Amino acid sequence: NAGVMQNPRHLVRRRGQEARLRCSPMKGHSHVYWYRQLPEEGLKFMVYLQKENIIDESGMPKERFSAEFPKEGPSILRIQQVVRGDSAAYFCASSPRDSNYGYTFGSGTRLTVV
Amino acid sequence: GQSLEQPSEVTAVEGAIVQINCTYQTSGFYGLSWYQQHDGGAPTFLSYNALDGLEETGRFSSFLSRSDSYGYLLLQELQMKDSASYFCAVRDQSGGYNKLIFGAGTRLAVHP
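Just so you know, the sequences run in chain order S and G.
Take the first sequence: its position 97, counted from the start at 1, is 258 in this note's numbering, and no numbers get skipped.
Take the second sequence: its position 78, counted from the start at 1, is 113 in this note's numbering, and no numbers get skipped.
If you're looking for bench data, these hints aren't it; they were derived computationally from the structure.
Where hints are given, some of them may not hold.
[As the list claims (entries may be wrong)] Beta-carbon label-pair distances, calculated as ranges:
hint, chain 1, residue 1, chain 2, residue 2, range
1, G, L86, S, R225, 35 to 45 Å
2, G, P147, S, Q178, 38 to 48 Å
3, G, E91, S, K232, 19 to 29 Å
4, G, D74, S, N214, 40 to 50 Å
From a predicted model like this one, the values you see are computed outputs, not experimental measurements.
We treat Cβ as the ideally placed atom computed from N, Cα and C, and that holds for glycine.
So that you can see chain S by itself, here it is in the shape it has in the complex (with noise of 0.2 Å):
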């Protein structure tokens, strides 16, 4: 039973690049969350999707931030035009429902603006 999969693990972009993090929940999981860590600091929540829905993205930036979970495939989180200060670990849980507290964390991407 293969837990929380994240993909790429490091991820390098340029200024002004387009970064794609991809999450695959574990399996029998339908509500998964992202989280953005920036060194040294806690774990901000930004999106929590279910399955073609977005439920609350109340901690995503207003702009160039976006992300999906579709039918089929993993959940997105995509940024738009990467700037310096999107550099940070992307980490994605995973929960079987409605969870008081039980979060399956992925290992993180962690995303390098250059």
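With chain S fixed as given, assemble chain G onto it according to the hints.
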């Protein structure tokens, strides 16, 4: 909204006991959870308290006092491998949707 406060750093020696505190402010409470994260690694779930009292899981225990909006994680018989960051988290139901909100984390350094 929700907010959580925990110390930024804690230092201890191998074999010792350390307590990491967490105070929270939340408009509705659905339990306090704890996660561990090693450098470069994924956060992993440690424990969850919905009711007052102490929950023990091996060397780790977690305590909750709902009346004080306070909890702590207790690590006993510390080992070098316990050096990591520890995050407390509560559920945020703002906007009618649920997601976990995390504290800024406590970095635990265990020394020989």
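Quiz item: Failing hints, ascending?
Solution: 3 and 4
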